[in-house]
Amino acid sequence: MYVVHNLQILGEAAYKLPLEYKEANPDIPWHSLVGMRHILVHDYFHVDLDIVWAVVTNELPSLKAQVQRLLNHLKSRLVDVSQ
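Under numbering that gives the first Met the number 0, the first residue of the sequence shown is numbered 0, with each subsequent residue one higher.
For the record, the hints were derived by calculation from the structure and aren't laboratory data.
Remember, it's a predicted structure, so these values are computed and weren't measured experimentally.
It is possible that some hints are incorrect.
Said to hold, decoys possible - Taking lysine-lysine and the DSSO-like style, the derived pairs with C-alpha atoms no more than 27 Å apart in a straight line are:
1. Lys15 - Lys63
2. Lys21 - Lys74
3. Lys15 - Lys74
4. Lys74 - Lys63
5. Lys21 - Lys63
Sequences and hints are given; from them, build the entire structure.
Have a look at this one:
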């Protein structure tokens, strides 16, 4: 169940992310992340764990790469500003 909880946290973080970041990175499935979070939190007893596992194994690796690129870009902007 830790996997489900971590997906909830990921969805909550996506929900709270400022719109400007979401709009600047439309390749990241923000809406899907938030939607999955809502299902995991509010419809907990009807969650299909096979679907959760499929998302984790099939979708999460590419999402991780997308988010890592975004973080690297933001870090490089911070370095440029501080110099």
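Any hints this thing doesn't respect? Which numbers, in order? none
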